[in-house]
Amino acid sequence: MACTLAIDQGTHASRAILFDDDGNEIARSVVEVELHRLDAARVEQSAEQLLQSVNTAVADVLARASGRTITACGLATQRSTVLGWREDGSVITPALSWQDVRAADALEALNSRAEDIQRISGLPLSAHYGASKIHWLATQNEYRQANRFSPLVSYLLFHLLAEQPYRVDHCNAQRTQLFDLEQLNWSETLCKHFEVDRRLLPECKPVCHHYGVLKAAAIPLTAVSGDQNAAFYAAGSPAHDEALVNLGTGAFVLCALKHYCSSQKQLSGVGLSDAETITWLREATVNGAGSALAWVAEKYQITDSREALPRWLNEVTAPPLFINTVGGLGSPWWNAQITPHFSEENLTPAQRMCAVVESILFMLQANLELMHKESGLQSLRVSGGLSNLDALCQKLANLSGLPVERGMAPEATARGVAWLAAGQPRHWDTRKQSTLFTPQYDAGIQSRYHAAMDTLQALLSQENTR
Numbered sequence: 034m035a036c037t038l039a040i041d042q043g044t045h046a047s048r049a050i051l052f053d054d055d056g057n058e059i060a061r062s063v064v065e066v067e068l069h070r071l072d073a074a075r076v077e078q079s080a081e082q083l084l085q086s087v088n089t090a091v092a093d094v095l096a097r098a099s100g101r102t103i104t105a106c107g108l109a110t111q112r113s114t115v116l117g118w119r120e121d122g123s124v125i126t127p128a129l130s131w132q133d134v135r136a137a138d139a140l141e142a143l144n145s146r147a148e149d150i151q152r153i154s155g156l157p158l159s160a161h162y163g164a165s166k167i168h169w170l171a172t173q174n175e176y177r178q179a180n181r182f183s184p185l186v187s188y189l190l191f192h193l194l195a196e197q198p199y200r201v202d203h204c205n206a207q208r209t210q211l212f213d214l215e216q217l218n219w220s221e222t223l224c225k226h227f228e229v230d231r232r233l234l235p236e237c238k239p240v241c242h243h244y245g246v247l248k249a250a251a252i253p254l255t256a257v258s259g260d261q262n263a264a265f266y267a268a269g270s271p272a273h274d275e276a277l278v279n280l281g282t283g284a285f286v287l288c289a290l291k292h293y294c295s296s297q298k299q300l301s302g303v304g305l306s307d308a309e310t311i312t313w314l315r316e317a318t319v320n321g322a323g324s325a326l327a328w329v330a331e332k333y334q335i336t337d338s339r340e341a342l343p344r345w346l347n348e349v350t351a352p353p354l355f356i357n358t359v360g361g362l363g364s365p366w367w368n369a370q371i372t373p374h375f376s377e378e379n380l381t382p383a384q385r386m387c388a389v390v391e392s393i394l395f396m397l398q399a400n401l402e403l404m405h406k407e408s409g410l411q412s413l414r415v416s417g418g419l420s421n422l423d424a425l426c427q428k429l430a431n432l433s434g435l436p437v438e439r440g441m442a443p444e445a446t447a448r449g450v451a452w453l454a455a456g457q458p459r460h461w462d463t464r465k466q467s468t469l470f471t472p473q474y475d476a477g478i479q480s481r482y483h484a485a486m487d488t489l490q491a492l493l494s495q496e497n498t499r
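Residue numbering for the sequence shown follows the numbering used here, beginning at 34 and increasing consecutively.
Take these hints with a grain of salt, some might be off.
[Said to hold, decoys possible] Capping the alpha-carbon separation at 27 Å, the derived lysine-lysine pairs in DSS-like fashion look like this:
| id | residue 1 | residue 2 |
| --- | --- | --- |
| 1 | Lys298 | Lys225 |
| 2 | Lys291 | Lys406 |
| 3 | Lys406 | Lys298 |
[Stated by the list, open to error] Okay, the calculated beta carbon distance ranges per label pair:
| id | residue 1 | residue 2 | range |
| --- | --- | --- | --- |
| 4 | Gln178 | Gln495 | 41 to 51 Å |
| 5 | Met34 | Asn368 | 48 to 58 Å |
| 6 | Asn347 | Gln479 | 13 to 23 Å |
| 7 | Ile59 | Tyr293 | 13 to 23 Å |
| 8 | His192 | Asp230 | 39 to 49 Å |
| 9 | Leu493 | Arg101 | 22 to 32 Å |
It should be emphasised that the hints constitute simulated quantities derived from the structure, not laboratory data. Note that beta-carbon positions come from the ideal geometry of N, C-alpha and C, so glycine has one too.
Take these sequences, add in the hints, and give me the full structure.
Okay, structure coming up:
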């Protein structure tokens, strides 16, 4: 039986998952990795450790695949994580996480070019993306031996493949903010704006492309993507009026565009590309999802939140408001100045955690309203760890007024990149195995949503007048 191997290198773990010819998971290995949060701005990982974790996970799955023929492999990675290294593969710098914003101050000089940058790259000017980090790394004296600056995926490809290519896929290239979405290549203009030497960047290739052969088992690697881009295809080919809401450390909303067009409030990107075709995506980001729950649990010493949250969501019927700016406000506001806070004091742990859950939903809804105007959304599909909360899914359906479908496959990124690598088989569609949450009238959550948006708008107006 032909199988497909998926490699998913994420912020907290690397996964190798084997899928059979019908898209069913048959073997999995998960290896945790370390994240070093040096301070509020500096967040790093070890590229060597990330590579080793991938190799360990792959070796474990291959050892359990005896007698099976693995015909293709797909690789998905965390986006906007970058590093500097040498052409012999040796690492010179730490891997600066997608959460790292140490170069934020340097972006002030580019404010006058922000509109031009977003038009070309599809991304608002932000230190979360790779360009400012690459510039910072390239200008540090201690890293002057580096002659390659790239997204993490390029480093992994070099070491995983027998050919040792220096390449990057369209999705990960775009998250550097140095990529021209229309030309599908590095932008001379953006490289000039960010003072990055284009000659040090990897070669850009489509998502679906023969990248080479895995050293470990001579398996062709036929798809490479970013984690959220890959997750969009976890259930197969999405419907044109459907959006994916992926709820992990951060939350992301993605829907397909009929044709490419830029947006000043949300992101534009690549979903699927090959030698002949391309699918464009509109994307929204909520920086504080799982990370916001973790932040509040740590700040208020809530030790039993993971086990108690499903029960709390059913018990707390009217949570207070939480202004969720953990990690900074993402789309459509793009503001990093407002401090996260609750609207009330002397709250119980249950009230605090339920308020955070609703704050995530409120920011998702603000973005869904914009997407609905553009694409006429008729349904939502949810994935990621937080989607296992039934009450969260029901609240999302009630707030959005759209049916919410939760698939059976929890590993959305791995399954999506496996589907791409396997040639996009139509029979991998898993919708028949999904749980459906039908919208119900909920005046309370609608009222709290509008109150939260009014409060946030007032805070933003105060910030703008300073």
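May I ask you to test the hint 13 to 23 Å on the CB atoms belonging to Ile59 and Tyr293?
violated (38 Å)
27 Å Cα cutoff - pair Lys298, Lys225:
holds (24 Å)
Please verify whether Lys291 and Lys406 have alpha carbons no more than 27 Å apart.
holds (13 Å)
Distance restraint evaluation - Asn347, Gln479, Cβ atoms, bounds 13 to 23 Å
Given about 19 Å between the Cβ atoms, the range holds.
Would the hint linking Lys406 and Lys298 be met if the CA-CA limit is 27 Å?
holds (13 Å)
Between the beta carbons of His192 and Asp230, is the distance compatible with 39 to 49 Å?
violated (23 Å)
Cβ distance range 48 to 58 Å for Met34 and Asn368, holds or violated
Given range 48 to 58 Å: holds, Cβ gap about 51 Å.
Is the gap between the beta carbons of Gln178 and Gln495 within 41 to 51 Å?
holds (47 Å)
Range hint 22 to 32 Å (beta carbons of Leu493 and Arg101) holds or violated:
violated (54 Å)
Checked against the numbered hints above, the structure violates hints 7, 8 and 9; every other hint is satisfied.
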